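**Q** From first to last, the protein sequence lines are chains Z and D. For the first sequence, the residue numbers in numbering that gives the first Met the number 0 are 0 to 312. For the second sequence, the residue numbers in numbering that gives the first Met the number 0 are 0 to 228.
Treat the hints with caution; some may be incorrect.
Have a look at the derived ranges for each label pair, beta carbon to beta carbon [stated by the list, open to error]:
1) D:R64 / Z:F161: 23 to 31 Å
2) Z:G277 / D:E91: 47 to 55 Å
3) Z:N89 / D:K39: 40 to 48 Å
4) Z:S105 / D:P161: 48 to 56 Å
Here chain D is said to cover these stretches of chain Z; the calculated rule only asks that three of the stretch's residues, wherever they fall, bring their Cβ under 8 Å from a Cβ of chain D [to be verified]:
5) 108-115
6) 245-255
7) 262-270
Since the hints were made in silico from the structure, they are not lab data. All values derive from a computational prediction rather than experimental measurement. We put the CB at the ideal spot given by N, CA and C, even for glycine.
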Amino acid sequence: MIRILEPGPFATVQDLGRYGYQDRGVPVSGAMDPLSLRVGNVLVGNDEGAAGIEITWGGFEAEFGEDGVFCLTGAQADARLNGAPIPFWNPLSVRKGDRVRIDTASVGARIYCCVAGGMDVPIVMGSRSTYVKAGFGGFEGRVLQRGDTLACGKPPYRPVPFIDPHWVPLWGEDVLVRCVFGPQADAFPEEILEIFGSSEYIVTSRSDRMGIALDGTPLAHRTGPDILSDGIVSGAVQVPGDGRPIVLMADRQTTGGYTKIATVIRSDIPRMAQVLPGYRIRFEAVDPSEARWLTLKEEFRFRRWVESVRSER
Amino acid sequence: MNETYPRYHACGDSGLLVEFGTVIDPSVHRQVMHVYRTLKAKNIGGVLDVVPAYASLLVQIDPWRISFERLRMEIDEVLADASGTEQEHAAEGRIVDIPVSYGGEDGPDLEEVCRYHGLSAKEVIALHTAPLYTVYMIGFTPGFPYLGGLDPRLITPRRTTPRKRVPAGSVGIADRQTGIYSIDSPGGWQLIGRTPLRLFDPKGKRPFLLEPGDRIRFVPILVHKEVPI
Chain Z
0 MIRILEPGPF
10 ATVQDLGRYG
20 YQDRGVPVSG
30 AMDPLSLRVG
40 NVLVGNDEGA
50 AGIEITWGGF
60 EAEFGEDGVF
70 CLTGAQADAR
80 LNGAPIPFWN
90 PLSVRKGDRV
100 RIDTASVGAR
110 IYCCVAGGMD
120 VPIVMGSRST
130 YVKAGFGGFE
140 GRVLQRGDTL
150 ACGKPPYRPV
160 PFIDPHWVPL
170 WGEDVLVRCV
180 FGPQADAFPE
190 EILEIFGSSE
200 YIVTSRSDRM
210 GIALDGTPLA
220 HRTGPDILSD
230 GIVSGAVQVP
240 GDGRPIVLMA
250 DRQTTGGYTK
260 IATVIRSDIP
270 RMAQVLPGYR
280 IRFEAVDPSE
290 ARWLTLKEEF
300 RFRRWVESVR
310 SER
Chain D
0 MNETYPRYHA
10 CGDSGLLVEF
20 GTVIDPSVHR
30 QVMHVYRTLK
40 AKNIGGVLDV
50 VPAYASLLVQ
60 IDPWRISFER
70 LRMEIDEVLA
80 DASGTEQEHA
90 AEGRIVDIPV
100 SYGGEDGPDL
110 EEVCRYHGLS
120 AKEVIALHTA
130 PLYTVYMIGF
140 TPGFPYLGGL
150 DPRLITPRRT
160 TPRKRVPAGS
170 VGIADRQTGI
180 YSIDSPGGWQ
190 LIGRTPLRLF
200 DPKGKRPFLL
210 EPGDRIRFVP
220 ILVHKEVPI
């Protein structure tokens, strides 16, 4: 059990998302940075897809209502347990009444607080993720508030005593993300595709869980920004009429009627999730088979690590 | 089927967009529905979601579990089974009646729509309730149906200023589309009525009233007194 004393600007319960209902217009939601959530879960002894708390920016404080284990991952921030500094990416034992306090992140946007057993909120349509806009999932379908008390389940594994440094990402304010052109790259002239692949884009404050809105050299369409609406994957780089790209993220609508010039590859979604207004982004085009290879390599490494550290309770 | 379709577009390493055309057309949509229903029924490992739209189908995958090559084989198999499209004709979606109270508080833009077209409320309601609409796709918000079949005489531009909050159940018109708001949300459609039915109930046993491919009929249940008929 964990009681929220200060939620910060936008804290929600998220797991790895709600799949299987996008044909009914239900967004996937889930952790913006799925890798940080997965690693945090493995470290405390949960299944990798258990629900944790996604904290935006920091300014978060909570009290543990029972003895247990928790771990912080994601953005870089100073954190304290009962006033003493604690590391991220490291599972810690807590006693009933202990308080964790997280300051504003110095680099990165989203911090994950994983507790052994996971957040035991009701499963709605196969997931514990919160979708705030339609008010369902997570804790009462909303952002966490001061005084909320969340129950935790039982963890299936023992906490992991150490971490392979490979899984501790280095976030920065200059971010390179790889992408594959399309599905509507042909809506743009060749020189615009080159501009997209060589320019720097600045993250604006209009960004949220739905999408990261960018500013920079406008991307002009051949004919126009509108297409017959179609489905959208995570990482799709949508270009509306003003030519300013938006990278669509966890809470994106399931369908949309704007051209998508490119799609950020899966293994770089966590980097996109950790940007803040003012950060600079560059896109590097790769072909689909390379994208797949990068993802498989990362996934294979993750799975091998999990196998090597996991032990039954 | 047109020779140049379907076209395949990779969406990063996360999905494959199958394009059947670029226009809103019942025969194109039937192909979308055929592949959508067959892929859903096949329940292929690694396919996370199948999202139909007017003229395309997005298949989202877990690349760890399935490759694009394998997925294309599965889709080609469905397409090769040409008789399927014929069967689709026979087994078109369910027909769902949607009761609507037109005008007044429930449809604050009915008068505006009447003025725009120079029609009486009675005429607008008659034109809106006559067709059997097809649910082409569901999107925008959970359970929101994009309907095909609006009478061209009712084509109305969106409101110049969108509303901050449109109540769930509101029935609206935007350009050549008509639809039903499934949750309270901001929106710019011209609202002509409202249904008491819930299109989306996340905690219900059946969270969705409609599915892609359904056909619906609007049935007038009440016309507000203040509407001059």
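**Q** Indicate, hint by hint, whether the structure satisfies it.
**A** Hints, verified against the model:
At about 29 Å, the beta-carbon gap between R64 of chain D and F161 of chain Z stays in the expected band of 23 to 31 Å. A hinted range of 47 to 55 Å for the beta carbons of G277 of chain Z and E91 of chain D is consistent with their spacing of about 53 Å. Separation of N89 of chain Z from K39 of chain D is about 43 Å and conforms to the stated range, judged on CB atoms against 40 to 48 Å. Taking 48 to 56 Å as the suggested C-beta distance range, the pair S105 of chain Z and P161 of chain D does not conform, at roughly 38 Å.
Look at the stretch 108-115 of chain Z against chain D: 0 of its residues bring a Cβ nearer than 8 Å to a Cβ of that chain, fewer than three, so the hint is violated. Counting residues of the stretch 245-255 of chain Z whose CB lies closer than 8 Å to any CB of chain D gives 4, so the stated coverage by that chain holds, three being the minimum. Using a Cβ-Cβ cut-off of 8 Å, 4 residues of the stretch 262-270 of chain Z lie near chain D, which meets the minimum of three, so the contact claim holds.
When the structure is compared with the earlier hints, violations turn up for hints 4, 5 and for no others.
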